[in-house]
Amino acid sequence: MAARIPPEERQTNLVVALMATEIGLTKQQILDSVSGYRQRAETGARVDALEKMFERDKDELRALGVPIETIGDPSDPQDLREARYRIPKAEYALPDDISFTPAELAVLQLAGSVWSTESASADAQAGVRKIRALGIDGDEPIIGFAPRITTRTSTFTPLQSAIEECRVVSFDYLKPGEQTARKRTLEPLALLDFEARWHVYGIDLDADDERTFLLSRIVGDVVVTRKTFSPELREGAGDRALAGLIDVAERNRALLEITPGTEAALRLGRRARAETQGFSVPFVDLHIFADEIASYGPEVRVVEPAPLREAVIARLAAIVASHPLSDEGE
Amino acid sequence: MRAGPKPLLAADRVRAYLTLVPYLLERGQVSLDEAAREFGVSAAEMRAMVEKLTVIGLPGDNGYWQQPHELFDISWDLLDDEGIIEITNDVGLRRVPRFTAREAAALLTGLQMVAALPAVSDSGLVAGLLAKLSRAAADAPADVVIAPDAVDEVRDVVAAALRQGVAVAFRYQAPDAEPTTRTVDPVQVLITNGQWYLQGWCHLREAMRTFHLDRVSEPVLTDISITHADAPVPDAFGSAGDDIEVVVSLPSRLVPLLGDYARPENTEQHGADVTVGIRLADQRGIKRIAGRFGGQLEVRAPRMARAAAREWAAEGLALYRQP
Numbered sequence: 205m206a207a208r209i210p211p212e213e214r215q216t217n218l219v220v221a222l223m224a225t226e227i228g229l230t231k232q233q234i235l236d237s238v239s240g241y242r243q244r245a246e247t248g249a250r251v252d253a254l255e256k257m258f259e260r261d262k263d264e265l266r267a268l269g270v271p272i273e274t275i276g277d278p279s280d281p282q283d284l285r286e287a288r289y290r291i292p293k294a295e296y297a298l299p300d301d302i303s304f305t306p307a308e309l310a311v312l313q314l315a316g317s318v319w320s321t322e323s324a325s326a327d328a329q330a331g332v333r334k335i336r337a338l339g340i341d342g343d344e345p346i347i348g349f350a351p352r353i354t355t356r357t358s359t360f361t362p363l364q365s366a367i368e369e370c371r372v373v374s375f376d377y378l379k380p381g382e383q384t385a386r387k388r389t390l391e392p393l394a395l396l397d398f399e400a401r402w403h404v405y406g407i408d409l410d411a412d413d414e415r416t417f418l419l420s421r422i423v424g425d426v427v428v429t430r431k432t433f434s435p436e437l438r439e440g441a442g443d444r445a446l447a448g449l450i451d452v453a454e455r456n457r458a459l460l461e462i463t464p465g466t467e468a469a470l471r472l473g474r475r476a477r478a479e480t481q482g483f484s485v486p487f488v489d490l491h492i493f494a495d496e497i498a499s500y501g502p503e504v505r506v507v508e509p510a511p512l513r514e515a516v517i518a519r520l521a522a523i524v525a526s527h528p529l530s531d532e533g534e
Numbered sequence: 052m053r054a055g056p057k058p059l060l061a062a063d064r065v066r067a068y069l070t071l072v073p074y075l076l077e078r079g080q081v082s083l084d085e086a087a088r089e090f091g092v093s094a095a096e097m098r099a100m101v102e103k104l105t106v107i108g109l110p111g112d113n114g115y116w117q118q119p120h121e122l123f124d125i126s127w128d129l130l131d132d133e134g135i136i137e138i139t140n141d142v143g144l145r146r147v148p149r150f151t152a153r154e155a156a157a158l159l160t161g162l163q164m165v166a167a168l169p170a171v172s173d174s175g176l177v178a179g180l181l182a183k184l185s186r187a188a189a190d191a192p193a194d195v196v197i198a199p200d201a202v203d204e205v206r207d208v209v210a211a212a213l214r215q216g217v218a219v220a221f222r223y224q225a226p227d228a229e230p231t232t233r234t235v236d237p238v239q240v241l242i243t244n245g246q247w248y249l250q251g252w253c254h255l256r257e258a259m260r261t262f263h264l265d266r267v268s269e270p271v272l273t274d275i276s277i278t279h280a281d282a283p284v285p286d287a288f289g290s291a292g293d294d295i296e297v298v299v300s301l302p303s304r305l306v307p308l309l310g311d312y313a314r315p316e317n318t319e320q321h322g323a324d325v326t327v328g329i330r331l332a333d334q335r336g337i338k339r340i341a342g343r344f345g346g347q348l349e350v351r352a353p354r355m356a357r358a359a360a361r362e363w364a365a366e367g368l369a370l371y372r373q374p
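Just so you know, the protein sequences line up as chains E and G, in that order.
Residue numbers 205 to 534, in my numbering, belong to the letters of the first sequence in order.
Residue numbers 52 to 374, in my numbering, belong to the letters of the second sequence in order.
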């Protein structure tokens, strides 16, 4: 019996075959002639098993960015029995007019090094490798800087997939300031790192309006549903998300008195604007900002707005109450 | 012993072949070691992949085996004698494939992250690269945006010190401590969670140290050449051996908000609550962590840490008492 041909060999043969044909190959031609399928057909594999294998290979190759085109019967596009398959070279290959200079490659190599998650790091390296395969070598690496991006993959990865595939997601969300999580259904459009927190921006289908959620507040799994939305919604979504948060932060300014020379003065200093009485600091979410201010203890006093002041007072009082003097803990 | 590169999965190997073939064709002769390094695999795996390449090729005519000219071929002599790869017959895959949506997104996001670094922003290349990457992707990458971060005087001076290879002097204010004046040979700037840290050789402590740049003020570029640039970079937030463990408890749904403080090995579930042992150089530092949880995190032990958390909040509360 012929040695079993591994899937990577069969799939690579399939790419070679579909790129070599202009008019396309039918499924039958592929199963009869492409190495990896052909041997199985010869040793009596069932046709439906082979067809299933072909379907799976097609999906896996498409996931790798290989554009497999299906040319159906023009009179009945739904009828795939006589469909032909091919890979158009222009859509497969990097466009001819795109090239990279050694200086650009050095910048991209630094850009590709920022990911601390294994899968994103592998993707970035694979991208850099494609540029190197054009015969380009980078300038001296840019040293002295070690930027790092950290993501919680359990929520980040499914949301990124859902955006790529334009699929509706649902998740339980613990809104800052609330005690119980509530289910949200979202058309996710962009992921955004703002003030060192990851957010997902999209259309909340219950509110029928755009909303931004904190990834750290998603409880449990992100469910990617089969329901899709129009890809047009994604156009410019990242810019809209960023502009939205900046706008919210500008409208939500707080007036704070900050003790000079303290940790609070240093940490808030980058964001603060000096006023006659104290400093004006923009914030996105009242509850999250109240958490930060409470962590500064006596280093900061909130002058206004009143809801922020009340929120900070409530937090400080709760900390005192949960650490009673009489009970010295364990 | 350091672990070698992990073996590739089938999909990774297909992805590797599609780039390996144009890479080898473009570069002519490449050593096994160099190709292995480039593709992040062991030399043995690279050899196996290249050998396997010679059974890949165009479809045979119905019922017949493929002819030699229909398959990839390599120079076996070069491979066996000198460990060098050269493709001698190619039947396709000559062009470099487009970026996948994920590859483009990983690079696009990384670019935004490094755009503000003086070494990158001075090059003026970022805008052009963003446009090129988007156009070279097979499918539209998901928008993953990093909000731009302003570069202030401190960051600028530190970057200049790195570039010029000289020490930088500054005032350093550690939390709950008296300010000190430091002179530091810069080794690298670490940027994580939106915070910038300078890692370098501290002339005062005569050791490698990590400095949070928000706590740095009055930076001055010195004319002292760097003498300790080769010293190993410290484990950024590694804890010294004499740290004290502070035990806290909180509802399990809030544990993710503890970030790096909570790890599987220091976390224990008790019903709906979770106990976490946090190691701190100064146990009173827990007061700032407790402050973020507004009473939902309880400091259990030691007593001093618990008292510090209470007093910190009580002092803060006193600011709002009516006179």
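If you're looking for bench data, these hints aren't it; they were derived computationally from the structure.
As the structure is a prediction and not an experimental result, all values here were calculated from the model.
One or more of the hints may lead you astray.
What the hints assert, rightly or not - Here are the simulated DSS-like cross-link-like pairs (lysine-lysine), alpha carbons at most 30 Å apart as the crow flies:
| id | chain 1 | residue 1 | chain 2 | residue 2 |
| --- | --- | --- | --- | --- |
| 1 | E | 256 | G | 103 |
| 2 | E | 262 | E | 293 |
| 3 | G | 103 | E | 262 |
| 4 | E | 256 | E | 293 |
| 5 | G | 103 | E | 231 |
| 6 | E | 379 | G | 57 |
| 7 | E | 387 | E | 262 |
| 8 | E | 262 | G | 57 |
Stated by the list, open to error - Cβ pair distances, simulated, as ranges:
| id | chain 1 | residue 1 | chain 2 | residue 2 | range |
| --- | --- | --- | --- | --- | --- |
| 9 | G | 77 | E | 423 | 45 to 51 Å |
| 10 | G | 222 | E | 303 | 31 to 37 Å |
| 11 | E | 382 | G | 311 | 22 to 28 Å |
| 12 | E | 263 | G | 181 | 39 to 45 Å |
| 13 | G | 128 | E | 266 | 37 to 43 Å |
| 14 | E | 356 | G | 199 | 21 to 27 Å |
As the list claims (entries may be wrong) - According to the in silico footprint, chain E covers these stretches of chain G (three or more CB under 8 Å from chain E):
| id | stretch |
| --- | --- |
| 15 | 81 to 88 |
| 16 | 142 to 153 |
| 17 | 156 to 170 |
| 18 | 173 to 180 |
| 19 | 221 to 229 |
| 20 | 251 to 262 |
| 21 | 317 to 327 |
Think of the CB as a built atom: it goes at the ideal place given N, C-alpha and C, for glycine as much as any other residue.
Here is what the structure says about each hint:
This hinted pair checks out: residue 256 of chain E and residue 103 of chain G have alpha carbons roughly 25 Å apart, not beyond 30 Å. As the CA atoms of residue 262 of chain E and residue 293 of chain E are separated by approximately 16 Å, the hinted pair is consistent with the 30 Å bound. With a CA separation close to 21 Å, the supplied pair residue 103 of chain G and residue 262 of chain E stays within the 30 Å bound. Between residue 256 of chain E and residue 293 of chain E the alpha-carbon distance is near 26 Å, which keeps this suggested pair within the 30 Å criterion.
Under the criterion of a C-alpha separation no larger than 30 Å, the hint pairing residue 103 of chain G with residue 231 of chain E is consistent with the structure, at around 25 Å. Taking the CA atoms of residue 379 of chain E and residue 57 of chain G, the gap is near 40 Å; set against the 30 Å cutoff, the hint is violated. Proposed proximity of residue 387 of chain E and residue 262 of chain E is contradicted: the alpha carbons are some 35 Å apart, above 30 Å. Pair hint residue 262 of chain E plus residue 57 of chain G holds up; C-alpha atoms about 26 Å apart against a cutoff of 30 Å.
Against the hinted window of 45 to 51 Å, the Cβ-Cβ separation of residue 77 of chain G and residue 423 of chain E comes to about 49 Å, which satisfies the hint. For the pair residue 222 of chain G and residue 303 of chain E, the supplied restraint of 31 to 37 Å is violated, since their beta-carbon distance comes to about 47 Å. Our hint of 22 to 28 Å for residue 382 of chain E and residue 311 of chain G holds, since their Cβ atoms are close to 25 Å apart. For the pair residue 263 of chain E and residue 181 of chain G, the beta carbons lie near 30 Å from each other, so the given range of 39 to 45 Å is not met.
Between residue 128 of chain G and residue 266 of chain E, the C-beta spacing of about 39 Å keeps the proposed range 37 to 43 Å intact. Residue 356 of chain E and residue 199 of chain G have their C-beta atoms about 22 Å apart, which keeps the hinted 21 to 27 Å range intact. Residues of the stretch 81 to 88 of chain G with a Cβ under 8 Å from some Cβ of chain E number 0, which does not satisfy the need for three, so the listed coverage is violated. With 11 residues having a Cβ less than 8 Å from any Cβ of chain E, the stretch 142 to 153 of chain G passes the three-residue criterion, so the hint holds.
Counting residues of the stretch 156 to 170 of chain G whose C-beta lies closer than 8 Å to any C-beta of chain E gives 10; at least three are required, and the coverage claim holds. A stretch counts as covered by a chain when three or more of its residues have a beta carbon under 8 Å from one of that chain; for the stretch 173 to 180 of chain G and chain E the count is 5, and the coverage holds. By the rule of at least three residues with a Cβ nearer than 8 Å to a Cβ of chain E, the coverage given for the stretch 221 to 229 of chain G holds, with 3 such residues. Residue count for the stretch 251 to 262 of chain G with a Cβ under 8 Å from a Cβ of chain E: 0. That is fewer than the three needed, and the coverage hint is violated.
With 0 residues bearing a CB less than 8 Å from a CB of chain E, the stretch 317 to 327 of chain G misses the requirement of three and the coverage assertion fails.
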